[in-house]
Amino acid sequence: MLKKDVPQDVGIAEGLKEVCYAVDEQGRYVLVPSVGWEPKNITNSQAWEVIQAELEETRLQVAAGVVSPIAYFMIKNLMDVRLLSQYVGLWHWRVKRHLKPAVFKKLSPEILQRYAAVFAISVEELLDVSRIINQPPAVRQK
Amino acid sequence: MEIAFNHRQSAHCESGVTANLISHYGHKVSEAMAFGIGAGLFFGYIPFIRLNHLPLTTFRCVTGNILKRATRSLGIVMQSQTFRNPEAAMTALDSVLEQGIPVGIQTGAYWLPYFPPAYRFHFNMHNSVVIGREGEVYKISDPVFPEPVLCPRRELMFARFAKGVLAPHGRMYFFTNVPENLDLATAVTGGINAVTKSMLSTPIPIIGVRGIRFLANRLEKWPHNLGEAKAILHLGQLVRMQEEIGTGGAGFRFMFAAFLQEAAQVLAEPRLQDLSARMTLIGDLWREFAVSAARNCKGRAGAGDSYPAMAGMLRNCAADEEALYRDLRALVG
Numbered sequence: 000m001l002k003k004d005v006p007q008d009v010g011i012a013e014g015l016k017e018v019c020y021a022v023d024e025q026g027r028y029v030l031v032p033s034v035g036w037e038p039k040n041i042t043n044s045q046a047w048e049v050i051q052a053e054l055e056e057t058r059l060q061v062a063a064g065v066v067s068p069i070a071y072f073m074i075k076n077l078m079d080v081r082l083l084s085q086y087v088g089l090w091h092w093r094v095k096r097h098l099k100p101a102v103f104k105k106l107s108p109e110i111l112q113r114y115a116a117v118f119a120i121s122v123e124e125l126l127d128v129s130r131i132i133n134q135p136p137a138v139r140q141k
Numbered sequence: 000m001e002i003a004f005n006h007r008q009s010a011h012c013e014s015g016v017t018a019n020l021i022s023h024y025g026h027k028v029s030e031a032m033a034f035g036i037g038a039g040l041f042f043g044y045i046p047f048i049r050l051n052h053l054p055l056t057t058f059r060c061v062t063g064n065i066l067k068r069a070t071r072s073l074g075i076v077m078q079s080q081t082f083r084n085p086e087a088a089m090t091a092l093d094s095v096l097e098q099g100i101p102v103g104i105q106t107g108a109y110w111l112p113y114f115p116p117a118y119r120f121h122f123n124m125h126n127s128v129v130i131g132r133e134g135e136v137y138k139i140s141d142p143v144f145p146e147p148v149l150c151p152r153r154e155l156m157f158a159r160f161a162k163g164v165l166a167p168h169g170r171m172y173f174f175t176n177v178p179e180n181l182d183l184a185t186a187v188t189g190g191i192n193a194v195t196k197s198m199l200s201t202p203i204p205i206i207g208v209r210g211i212r213f214l215a216n217r218l219e220k221w222p223h224n225l226g227e228a229k230a231i232l233h234l235g236q237l238v239r240m241q242e243e244i245g246t247g248g249a250g251f252r253f254m255f256a257a258f259l260q261e262a263a264q265v266l267a268e269p270r271l272q273d274l275s276a277r278m279t280l281i282g283d284l285w286r287e288f289a290v291s292a293a294r295n296c297k298g299r300a301g302a303g304d305s306y307p308a309m310a311g312m313l314r315n316c317a318a319d320e321e322a323l324y325r326d327l328r329a330l331v332g
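From first to last, the protein sequence lines are chains Y and E. Under numbering that gives the first Met the number 0, the first residue of the first sequence carries the number 0, and numbering increases by one thereafter. Under numbering that gives the first Met the number 0, the first residue of the second sequence carries the number 0, and numbering increases by one thereafter.
Keep in mind that the hints were calculated from the coordinates and are not lab data. Note that the Cβ used here is the ideal one computed from N, Cα and C, for glycine as well. Don't take every hint at face value.
As the list claims (entries may be wrong) - Examples of chain Y residues lying across from chain E (beta carbon under 7 Å, computed):
1. P38
2. I41
3. N43
4. Q45
5. L77
6. Y86
7. L106
Starting from the given sequences, assemble the full structure and let the hints guide the process.
This is the structure we're talking about:
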């Protein structure tokens, strides 16, 4: 890649410049700042779109009473049951059970507090199902 | 307090940290040089390890190995430590910092507040150097950022104890002894030999040049085996692994070409310049592949962007890389 060909396509990095390796006129390698490259922007947005679609699906499931709010915040924080269980310090089969609304309703304040801390929200927010249901379909940056 | 630390922005976190730390002790070592003597270049397509439910493709060696290999081959003594207790990890960091020693840390990128949101995935192998502290705020030389950044204590503690795959467990490391003279020539030869060995002579078919061919065969069948929608997700993941997360472009191929240029000087072997130029062309091939793949992701694939055509590009990369490593081995090994 020649120095003059280093792509400058604004996108995911939001103006943050990273450095690219490219060759100058004398054929020597130099570090060239780049604000982004279109293929990178496309594939990064693709990854976020998949997550957003999953989040929207989970929101509808919370609304339908199929899963508990923990499932929603888990997806929102890009986690799966295994990762979440490591963060809250519980066995993963327990976390899996907590995704059921009936089990979720009976959780102790102490356990709820652990989940809330990992999601960086208050216990009230965690319990507030209507707030999740009324979330507009989430759109992350393009 | 703040340590006078020369922050240089790099393309890749680990090789950048390695280069900046060595340079702090009075040696001029570039990122590309650290990457080369750390034998960072690699290829592996590992379908049974999944990231976000998609197969892992790596263009670099196992995380931590660049630092380990580069310091060891230069005779630098490094102390590395992990912790069980987060508070103890922060206290240990503070006490080393108080002695005026810059401390490398491994963190989970998801919890670092200074990261742009689009990059905040659960990625646990991010390296940076802590260079100062003012009360509850740490100053960090994060090599993928243009300037040093600030991070509050609480967030830093959380990031050092991120959970999941390859969890950092609060890992920190610092140099305790750096020799006055570095034997770069031996280290360069060692790095090149390690790379040619892993790329040419690994018995496992998913690694090295064989791994590239293996991926080409798999990729050709993705639309048939996975269906069009999933095939596109696999392509997207491949391009992200190749171009994102600070590779310097083309899955580290350009960075290695820059290393070969420097190696030509160190070993006084001008023929390495030609090999560097060839590596650059290989990097350009990888970039063409990324363009084609991204067109597929966007639904704008032309006639030249079919899956067999992309597999053909990968086979070209494999053939050119194989020839290059053989010549490299004949020249240096």
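Here is what the structure says about each hint:
For Y/P38, the shortest C-beta to C-beta distance to chain E is roughly 3 Å, which falls under 7 Å, so the interface hint holds. A cut of 7 Å between beta carbons decides the hint on Y/I41: the least distance to chain E is about 5 Å, and the hint holds. Taken as an interface hint, Y/N43 checks out: its beta carbon lies about 6 Å from the nearest beta carbon of chain E, inside 7 Å. Against a cut-off of 7 Å between C-beta atoms, the interface hint on Y/Q45 holds, since the closest Cβ of chain E lies about 4 Å away.
At a threshold of 7 Å, the smallest CB-CB gap from Y/L77 to chain E is about 6 Å, leaving the interface hint in force. For Y/Y86, the suggested interface contact is upheld, since its CB lies about 5 Å from the closest CB of chain E, less than 7 Å. For Y/L106, the shortest C-beta to C-beta distance to chain E is roughly 21 Å, which exceeds 7 Å, and the interface hint is violated.
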